[in-house]
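**Q** We have chain A; now place chain B onto it with these hints.
Top to bottom, those sequences are chains A and B.
First residue of the first sequence: 1, per my numbering; consecutive thereafter.
First residue of the second sequence: 270, per my numbering; consecutive thereafter.
Hints should not be assumed to be uniformly reliable.
[Unchecked claim] One-sided excerpt, in silico: chain A residues whose CB lies under 8 Å from chain B:
(1) Arg84
(2) Phe97
(3) Lys245
[As the list claims (entries may be wrong)] Between beta-carbon pairs, the in silico distance windows are:
(4) Met120(A) <-> Gln315(B): 46 to 56 Å
(5) His302(B) <-> Ser22(A): 35 to 45 Å
(6) Ser22(A) <-> Glu502(B): 37 to 47 Å
(7) Thr114(A) <-> Leu329(B): 36 to 46 Å
(8) Glu277(B) <-> Arg18(A): 16 to 26 Å
(9) His302(B) <-> Asp118(A): 56 to 66 Å
(10) Asp162(A) <-> Ala285(B): 27 to 37 Å
(11) Gly283(B) <-> Leu140(A): 31 to 41 Å
Hints were generated in silico from the structure; no laboratory data involved.
All residues carry an ideal CB built from backbone N, CA and C; glycine is no exception.
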Amino acid sequence: MSADNDYAVELKGVSFKRGSRSIFNNVDIRIPRGKVTGIMGPSGCGKTTLLRLMGAQLRPSAGQVLVNGQDLPTLSRSALFDARKHMGVLFQSGALFTDLDVFENVAFPLRVHTDLPDDMIRDIVLMKLQAVGLRGAVELMPDELSGGMKRRVALARAIAMDPQILMYDEPFVGQDPIAMGVLVRLIRLLNDALGITSIVVSHDLAETASIADYIYVVGDGQVLGQGTPQELMAADNPRIRQFMKGDPDGPVPFHFPAPDYRADLLGTR
Amino acid sequence: MRKKSLLERIRLFGRAAIDMVAVLGRSGLFLLHALVGRRGIGGGFQLLVKQLYSVGVMSLLIIVVSGMFIGMVLALQGFSILTKYGSEQAVGQMVALTLLRELGPVVTALLFAGRAGSALTAEIGNMKSTEQLSSLEMIGVDPLKYIAAPRLWAGFISLPILAIIFSVVGIWGGSWVAIDWLGVYDGSFWANMQNSVSFTDDVVNGVIKSIVFAFVVTWIAVFQGYDCEPTSEGISRATTKTVVYASLAILGLDFILTALMFGDF
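Bound-form chain A, shown alone (with noise of 0.2 Å):
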């Protein structure tokens, strides 16, 4: 393991195919160790499957995915679930545990990773929960929380074991103004203060593109562009520029693909 590299997760000629059907070709991807770095794209371009691949979930068809220098999809087993200890992921749901209290989702990768002592494991959740402002709401259920709120109580639970990588899905949707604005300061924060290396994806462009150090652009299942938020938003490629400037006219279209609308209209096809 060479935690001294430079980045954190390289993906390598990564290739991923769901069926027949090809979701990434050949990409090459590597998330710097330290920084916030965000994955963008339009919807339903396989963001969330590239997450899955980070945390090889899902295992690539072709192509390395190195974390901490580990090529993740050849260990085994048990192997791969030591190293997600290093791994925290922040899911698009929260995806909290239904049957436990906010204070137990919190205190659960403490209870199966270490042998701390209930009062240690007790501060410890006090204090994750009092970072996302939460350490009130200790007591309730999930099912008592609104959905802001199960996804901070989430990246307490996230963020219990002090990982060393920590991807949010999606952790823009749905959040209130004011939510968003904590979340997005939290982000930075937590990526500051602990020495995380942060991995949004997202496809809110404004609050990516505020937090982000560095952004890659994806779609079509190949990396359309990469660079700082400034650089991409002078870049030249058209589709980066529709995506950044959100046009709805421009190389990516709008509509799935479909046959002639007017043939289909007077069933002629």
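**A** Okay, now just chain B, sitting in the frame of chain A:
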């Protein structure tokens, strides 16, 4: 819909066969990873106790009530048939053998598939659709060890015990109908039963049957939940599959086991 050509049908048939082999392989690997190898985390015993409660104890009521009624019905039917030959004393023997050899293991397993099996499938399917299984994986906890294994063991342990309880309650219900209601002499009721029921042939074989059923039903239920499509439609399909596959497996295996145990050929 376009009419399918012969070639297309052959292709679809082949596809279905390949899919079936793939499912069998996946379910085998699933069982292997869940039950064999490094135990993932501490607290396994507590997880098992929790599942024994929700899978076993929560099924007690339906098992006890069904066992009692089936025992009572057996006594009524047996009495009406046997009394024609003047051998109503044999009703105890008939009730006990029917329950211990057949109805105890089979009906318990069928009820268990409907009560506990469907609940297991739906629960695990829901965990999958709400990304709880994914999030366990990313926390570094193997869901096969943490979610699947305790549920599998709870099913393996509780179904045979439930089947024994079913038979005991059934015999008690039968004795109540035969002795207290229909007036069969209680001495001959119990003596006939004791003379004809063999521990090794009847009781042990019944327990072996229920152990086999427990293995198959719980395996099907937990695997269907784990392997389901994570949508509401997928979960409902998986739950249906659990009950249908488990019931058919129980009845098919019962025939084979009965032939092996009691068919003298």
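**Q** For every hint, state whether the structure bears it out.
**A** Consistency of the hints with the structure:
1. Arg84: 4 Å, holds
2. Phe97: Holds: closest Cβ of chain B sits about 6 Å from Phe97(A), inside 8 Å.
3. Lys245: 32 Å, violated
4. Met120(A) <-> Gln315(B): 46 to 56 Å: 20 Å, violated
5. His302(B) <-> Ser22(A): 35 to 45 Å: This hint is violated: roughly 29 Å between Cβ atoms.
6. Ser22(A) <-> Glu502(B): 37 to 47 Å: Between Ser22(A) and Glu502(B), where Cβ atoms are some 26 Å apart, the hint is violated.
7. Thr114(A) <-> Leu329(B): 36 to 46 Å: 38 Å, holds
8. Glu277(B) <-> Arg18(A): 16 to 26 Å: 23 Å, holds
9. His302(B) <-> Asp118(A): 56 to 66 Å: Hint violated: Cβ distance 31 Å, outside 56 to 66 Å.
10. Asp162(A) <-> Ala285(B): 27 to 37 Å: The hinted range 27 to 37 Å is violated for Asp162(A) and Ala285(B), with Cβ atoms some 49 Å apart.
11. Gly283(B) <-> Leu140(A): 31 to 41 Å: 53 Å, violated
The structure fails to meet hints 3, 4, 5, 6, 9, 10 and 11 from the earlier list, while all remaining hints are met.
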